[in-house]
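Visitor: Between the sequences and the hints, there should be enough to build the whole structure, so can you do that?
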Amino acid sequence: MSEIDLSPLKPAIQSFVPLGRSGLLPALHAAQKIYGWLPQEVAAEVGKSLRVPLADVHGVIEFYSLFYNEPVGRKIIRVCTDPACGLKGADGLLERLCRHHNVEPGETTPDLTLTIEPSPCLGLCEQAPAVWTMDDGQWMIGDGVMESHRPPSAVYGLIRELTANCGNGTTTLEKYGEYAAYKKALTMTPDEVIAETDKASGLVGRGGAAFPTGIKWGSAAKIQSDQKYIVCNADESEPGTFKDRVLLLDDPHRTIEGMCIAAYAIGADKGYIYIRGEYPYIVPVLENALDEARAAGYLGKHFDIEIRVGAGAYICGEETALFESLEGKRGFPRVKPPFPTTSGLFGKPTVINNVETLCNLPLIISKGSAEYRKLGTEMSPGPKLFCVSGDVEKPGLYEVPFGVTLRELLNLSGGVANGKELKAVLFGGAAGAFATSEHLDVKLTFEDLRAVGLPLGSGVVMVFDETRELRDVLKRLGKFFAHESCGKCYPCQMGTQRQMEILDRLAAGDFREGDSACLQDVGWTMTDASLCGLGQTAGSAVLSAMKAFPELFVER
Amino acid sequence: MAITLFMDGKEITAEENHTLLEAARENGIDIPTICFHEATTANALCRICMVEVEGMRTLQPACIVRAANQMKVQTRSERVIRARRTILEMLASTMDLSESSEIQKMMSEYGADVNRFPDAHRRESEVKDDNPMYVRDYSKCLLCWRCVQVCADDVQYTFAINFSGRGFETQIATFYDRAIPETSCVLCGQCVAVCPTGALKPKREFLLEQGMTPQQIGVLNSGRKKRK
Numbered sequence: 001m002s003e004i005d006l007s008p009l010k011p012a013i014q015s016f017v018p019l020g021r022s023g024l025l026p027a028l029h030a031a032q033k034i035y036g037w038l039p040q041e042v043a044a045e046v047g048k049s050l051r052v053p054l055a056d057v058h059g060v061i062e063f064y065s066l067f068y069n070e071p072v073g074r075k076i077i078r079v080c081t082d083p084a085c086g087l088k089g090a091d092g093l094l095e096r097l098c099r100h101h102n103v104e105p106g107e108t109t110p111d112l113t114l115t116i117e118p119s120p121c122l123g124l125c126e127q128a129p130a131v132w133t134m135d136d137g138q139w140m141i142g143d144g145v146m147e148s149h150r151p152p153s154a155v156y157g158l159i160r161e162l163t164a165n166c167g168n169g170t171t172t173l174e175k176y177g178e179y180a181a182y183k184k185a186l187t188m189t190p191d192e193v194i195a196e197t198d199k200a201s202g203l204v205g206r207g208g209a210a211f212p213t214g215i216k217w218g219s220a221a222k223i224q225s226d227q228k229y230i231v232c233n234a235d236e237s238e239p240g241t242f243k244d245r246v247l248l249l250d251d252p253h254r255t256i257e258g259m260c261i262a263a264y265a266i267g268a269d270k271g272y273i274y275i276r277g278e279y280p281y282i283v284p285v286l287e288n289a290l291d292e293a294r295a296a297g298y299l300g301k302h303f304d305i306e307i308r309v310g311a312g313a314y315i316c317g318e319e320t321a322l323f324e325s326l327e328g329k330r331g332f333p334r335v336k337p338p339f340p341t342t343s344g345l346f347g348k349p350t351v352i353n354n355v356e357t358l359c360n361l362p363l364i365i366s367k368g369s370a371e372y373r374k375l376g377t378e379m380s381p382g383p384k385l386f387c388v389s390g391d392v393e394k395p396g397l398y399e400v401p402f403g404v405t406l407r408e409l410l411n412l413s414g415g416v417a418n419g420k421e422l423k424a425v426l427f428g429g430a431a432g433a434f435a436t437s438e439h440l441d442v443k444l445t446f447e448d449l450r451a452v453g454l455p456l457g458s459g460v461v462m463v464f465d466e467t468r469e470l471r472d473v474l475k476r477l478g479k480f481f482a483h484e485s486c487g488k489c490y491p492c493q494m495g496t497q498r499q500m501e502i503l504d505r506l507a508a509g510d511f512r513e514g515d516s517a518c519l520q521d522v523g524w525t526m527t528d529a530s531l532c533g534l535g536q537t538a539g540s541a542v543l544s545a546m547k548a549f550p551e552l553f554v555e556r
Numbered sequence: 001m002a003i004t005l006f007m008d009g010k011e012i013t014a015e016e017n018h019t020l021l022e023a024a025r026e027n028g029i030d031i032p033t034i035c036f037h038e039a040t041t042a043n044a045l046c047r048i049c050m051v052e053v054e055g056m057r058t059l060q061p062a063c064i065v066r067a068a069n070q071m072k073v074q075t076r077s078e079r080v081i082r083a084r085r086t087i088l089e090m091l092a093s094t095m096d097l098s099e100s101s102e103i104q105k106m107m108s109e110y111g112a113d114v115n116r117f118p119d120a121h122r123r124e125s126e127v128k129d130d131n132p133m134y135v136r137d138y139s140k141c142l143l144c145w146r147c148v149q150v151c152a153d154d155v156q157y158t159f160a161i162n163f164s165g166r167g168f169e170t171q172i173a174t175f176y177d178r179a180i181p182e183t184s185c186v187l188c189g190q191c192v193a194v195c196p197t198g199a200l201k202p203k204r205e206f207l208l209e210q211g212m213t214p215q216q217i218g219v220l221n222s223g224r225k226k227r228k
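Protein sequence lines correspond, in order, to chains A and B. Numbering follows the numbering used here, with no gaps: position 505 of the first sequence is 505. Numbering follows the numbering used here, with no gaps: position 90 of the second sequence is 90.
Because the hints were derived from the structure by calculation, they are not lab data. All residues carry an ideal CB built from backbone N, CA and C; glycine is no exception. Don't take each hint at face value.
Unchecked claim - So, partial list: chain B residues that the calculated Cβ filter (under 8 Å) puts toward chain A:
{"id": "1", "residue": "41"}
{"id": "2", "residue": "86"}
{"id": "3", "residue": "162"}
{"id": "4", "residue": "206"}
{"id": "5", "residue": "207"}
{"id": "6", "residue": "208"}
Guide: And the structure:
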């Protein structure tokens with residue numbers, strides 16, 4: 001083993017030492033920035049400094065895709081190969097890049113200058129095919145032709161409430177204006193703020209699970225505790241989803257103000273923004289916004305916020321897995337109960353909300369719930385963001401009131417690209433379900449979608465035209481879940497693998513008797529018996545495809 | 001305090017705070033388990049003890065869900081049997097169950113087809129024979145987590161093992177896969193004692209299976225002993 005100079009490590013991880021185990025991910029990020037990967041001696045030193053058992057340090061490094069326990073190139077090119085990018089030639093791009101640099105996908109050049117990897121969804125679906133390059137700590141975002149330090153925002157729609165400040169670069173505090181809604185909230189009692197958020201506004205979570213925000217807040221508020229937390233879930237990783245990226249990059253203060261309101265409502269004095277590791281370009285934007293908010297006196301006295309960066313694990317978007325990750329552990333979801341509102345981060349009452357959910361709060365409080373309800377429907381009030389990608393003329397982030405139909409949304413985005421007919425729409429992301437042209441007049445609300453068995457999820461609308469091979473889409477979804485299963489519970493750990501294997505075969509034209517029955521058993525077992533939401537939805541798209549397109553599963 | 005609930009239509013009583021698994025066992029109702037062990041924190045990983053609880057959207061793990069008054073539980077409904085059978089079939093296609101007699105018994109009870117997934121990728125690995133006390137054959141490991149738990153804060157506080165990989169590729173591992181003597185392992189044997197599948201095995205038992213005689217093993221060991 002070659003000698004490794006540990007002297008730059010100690011100062012780099014110094015500030016994380018007092019955090020103990022919770023400082024493990026930040027310390028490993030800092031260490032990897034120095035060495036490019038995490039050699040044994042470095043991992044051991046981090047473990048000793050933070051007092052984390054070495055086997056656990058190794059377990060954490062092994063869990064997260066963006067931590068490397070063997071040498072990688074100083075430059076790493078990651079090409080997204082998930083469905084939206086797959087439609088736009090991601091496979092060919094990956095192959096060309098590899099051929100050009102004479103390296104196999106997932107491999108590193110012998111001189112350790114370059115690694116090229118296929119990657120799960122990078123949250124850049126409207127710019128497909130997406131490529132994320134890290135070069136000696138500097139990032140570039142592109143599509144294989146053009147590269148920039150910051151992805152452009154394509155924001156459209158019928159209304160601009162949540163996205164009022166999106167589409168023109170980052171909105172500074174000066175441009176955002178004072179936190180008027182937060183100031184107004186401070187003139188109300190916490191109970192009044194919760195009541196306004198609860199039934200009055202009808203706000204439900206926008207991360208995918210659609211849990212009523214007010215109920216969550218109410219149960220955390222009524223618990224007596226020396227410490228409570230607000231966590232902003234910015235681990236946006238659902239294939240097809242990129243709304244939180246745009247909201248945070250273009251208008252960070254809306255999320256921060258939302259967190260301030262939430263903190264006041266439940267009595268929390270500490271907040272975390274957990275952002276996925278694939279969004280490094282948002283971190284300095286957020287840091288700057290937090291500094292502005294501190295200087296203006298919104299943060300720092302009664303409530304402050306810390307940013308934590310994930311390291312490549314879709315499962316960490318699951319709330320309890322996210323807590324585990326914040327605590328410096330492998331991102332295994334916990335059994336529930338206890339629920340986060342009673343025992344969440346560090347065992348304390350915690351409210352965890354998605355970015356878009358938090359962005360609704362300044363609207364609700366400043367307008368008042370009655371005015372807020374003028375948008376949307378009775379059961380699904382307010383504005384909603386849809387991430388439109390795939391075969392449409394104008395992919396992008398669309399803000400509309402709840403209640404527009406799928407047809408209206410597709411018309412807004414210019415319709416199916418190149419004048420083709422619609423074959424299918426993947427709704428709600430990889431964990432979602434397929435819609436067909438039969439569903440064009442379904443209103444995009446929780447209640448209308450539920451009635452036809454479609455999940456709203458995180459607002460993904462991924463469009464496939466008549467020429468697309470859906471078996472290829474299913475294969476990519478299967479690969480995604482097998483790659484992202486944490487491995488904790490058996491149905492998902494083995495089910496995602498078996499599902500992927502069968503979908504791979506079907507995509508290759510190798511059909512066997514019993515494939516459908518196997519996919520049904522595996523899919524329903526994952527749905528019915530998995531420990532967390534990932535496993536419970538890992539078979540969802542496949543099961544919906546079996547219903548909508550049964551011909552895909554039998555020999556042509 | 002005793003409460004009343006219904007299991008498979010039968011009215012039973014159970015202690016409040018007891019899990020559905022405890023309630024079932026106290027009343028002679030069989031719910032199978034794999035990862036569950038009295039000495040370790042129940043993590044509800046294997047999902048073989050799933051039961052149907054009226055009013056719940058998904059099946060519930062009997063090892064951790066508490067019995068509640070008037071709860072209606074089905075331990076052998078169609079949904080339950082489908083999940084158990086499929087999990088068993090996936091296990092059979094993943095790992096070496098040759099020394100897991102209990103699971104083999106379950107497989108026949110639930111009519112699980114060992115060849116349900118014929119060309120499936122299996123978790124296979126070389127036997128790790130790197131210390132004088134036990135061998136590790138992770139081809140037989142079904143990831144019940146018991147060894148990791150007893151090594152950590154459930155029993156021994158040694159923290160010699162954790163996991164490598166993720167998802168299907170998860171494996172029990174030491175720090176950077178170092179040999180056991182290079183880790184914090186104190187050879188307490190707790191992990192071997194709780195392993196349900198023969199993945200962890202005392203070295204002596206392993207050597208006997210390899211065809212060595214007790215005398216030959218004695219010779220092997222005598223070189224290591226230093227008595228004064």
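Visitor: Next step is simple, just say for each hint if it's right about the structure.
Guide: The hints, checked one at a time:
Using the Cβ-Cβ criterion of 8 Å, the hint placing residue 41(B) at the interface with chain A is not satisfied: the shortest such distance is roughly 10 Å. Interface hint status for residue 86(B): upheld, as the beta-carbon distance to the closest one in chain A is roughly 4 Å, under 8 Å. The beta carbon of residue 162(B) comes within 3 Å of a beta carbon in chain A, closer than 8 Å, and the hint placing it at the interface holds. Interface hint at residue 206(B): violated, since its Cβ lies 23 Å from the closest Cβ of chain A, which is beyond the 8 Å cut-off.
For residue 207(B), the interface hint is violated, since its Cβ never comes within 8 Å of a Cβ in chain A; the closest pair sits about 27 Å apart. A hinted interface residue such as residue 208(B) counts as satisfied when its beta carbon comes closer than 8 Å to some beta carbon of chain A; here the least separation is about 30 Å, so the hint is violated.
Consistency note: the structure conflicts with the earlier hints numbered 1, 4, 5 and 6.
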